[in-house]
Amino acid sequence: MIEILAHRGNLFGSDCQRENNASACKECLDLGFGLELDVRNYKNNLYAKHDPVTSDKAQYWAEIVEILINYPQLTIAINIKDTGNENSLITSIRNLSWFKVFLFDLELVVGIENYNSLTSVYKSLDSKIEIAIRASDKGEPLERAIESTSKVVWLDEFDNFWVSQQVIEKLNLAGKKVYAVAPDLHKHSANISMTRCQEFAAWNVAGICTDYPIMLRNLLKGIT
Numbered sequence: 001m002i003e004i005l006a007h008r009g010n011l012f013g014s015d016c017q018r019e020n021n022a023s024a025c026k027e028c029l030d031l032g033f034g035l036e037l038d039v040r041n042y043k044n045n046l047y048a049k050h051d052p053v054t055s056d057k058a059q060y061w062a063e064i065v066e067i068l069i070n071y072p073q074l075t076i077a078i079n080i081k082d083t084g085n086e087n088s089l090i091t092s093i094r095n096l097s098w099f100k101v102f103l104f105d106l107e108l109v110v111g112i113e114n115y116n117s118l119t120s121v122y123k124s125l126d127s128k129i130e131i132a133i134r135a136s137d138k139g140e141p142l143e144r145a146i147e148s149t150s151k152v153v154w155l156d157e158f159d160n161f162w163v164s165q166q167v168i169e170k171l172n173l174a175g176k177k178v179y180a181v182a183p184d185l186h187k188h189s190a191n192i193s194m195t196r197c198q199e200f201a202a203w204n205v206a207g208i209c210t211d212y213p214i215m216l217r218n219l220l221k222g223i224t
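Here the sequence shown is numbered in UniProt numbering, starting from 1 and rising by one per residue.
Simulated from the structure, these hints should not be mistaken for laboratory data.
Using N, Cα and C, we set each Cβ at its ideal position, and we do this for glycine too.
There may be inaccurate statements among the hints.
To be verified - Pair ranges (Cβ atoms, derived):
1. Asn172 x Val121: 28 to 34 Å
2. Leu125 x Ile192: 39 to 45 Å
3. Ile192 x Ile112: 27 to 33 Å
4. Val121 x His186: 26 to 32 Å
5. Ser164 x Glu66: 37 to 43 Å
6. Ser55 x Ala202: 40 to 46 Å
7. Asn95 x Ser14: 29 to 35 Å
8. Ala62 x Lys151: 26 to 32 Å
9. Asn114 x Asn70: 32 to 38 Å
Build out the structure end to end from the sequences listed, making use of the hints.
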């Protein structure tokens with residue numbers, strides 16, 4: 001069964017009122033969806049927010065973690081948005097199921113050249129934490145992901161639909177767990193996105209991250 005991750009807690013498309021909001025996250029989890037969430041540091045506190053935090057009125061990360069603890073069976077993908085919060089982040093999620101949690105997008109914070117260094121920082125704090133590696137059409141080669149020691153690959157398509165069945169097969173043969181980014185996260189229509197997600201599903205990805213988790217679930221039910 002393909003895992004569906006609700007992007008920032010969205011259910012019916014991008015909605016700034018829902019994104020990284022504790023109640024929206026709980027609603028998604030209650031429906032059986034995993035989550036993709038953003039985490040940032042601001043004045044030595046962690047917040048769930050995609051854009052830079054400018055006020056302590058943003059969603060506290062700790063409030064979301066208190067909810068996540070009750071859903072150990074669901075996957076949580078944590079999008080790292082900055083550095084300097086490694087110790088507090090690992091401490092905050094230590095009670096979650098390590099088998100269902102992974103960090104990702106370290107490359108977008110520090111660059112590919114510093115990915116291994118930042119990974120080492122997190123691993124030194126807890127060796128069990130899983131850190132995904134990116135593969136995309138933005139200078140993040142497939143071969144790098146295949147050769148990586150990471151067990152999870154975050155597969156992204158920015159400017160073109162470059163992923164093929166052969167790409168997924170190579171990653172699966174390398175023992176990777178592949179999570180594909182739905183095109184709707186890059187401003188494609190829901191119809192285009194769902195058509196592409198059907199292909200991802202047919203190619204045996206482990207999971208798909210989308211702003212339309214309910215639509216995707218209904219679509220996949222109709223073809224399985």
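Consistency of the hints with the structure:
For the pair Asn172 and Val121, the supplied restraint of 28 to 34 Å holds, since their beta-carbon distance comes to about 29 Å. A C-beta distance of roughly 40 Å is found between Leu125 and Ile192, which places it inside the suggested range of 39 to 45 Å. A beta carbon spacing of about 29 Å between Ile192 and Ile112 agrees with the range 27 to 33 Å that was offered as a hint. For Val121 paired with His186, a C-beta distance near 29 Å keeps the hint of 26 to 32 Å intact.
Separation of Ser164 from Glu66 is about 41 Å and conforms to the stated range, judged on CB atoms against 37 to 43 Å. For Ser55 and Ala202, the hinted distance range of 40 to 46 Å is satisfied, since their beta carbons lie about 44 Å from each other. In this structure the hint that Asn95 and Ser14 lie 29 to 35 Å apart at CB holds, the actual value being about 30 Å. About 27 Å separates the C-beta atoms of Ala62 and Lys151, a value consistent with the hinted range of 26 to 32 Å.
The beta-carbon spacing between Asn114 and Asn70, approximately 35 Å, falls within the hinted interval of 32 to 38 Å.
Taken one by one, the earlier hints all hold for this structure without exception.
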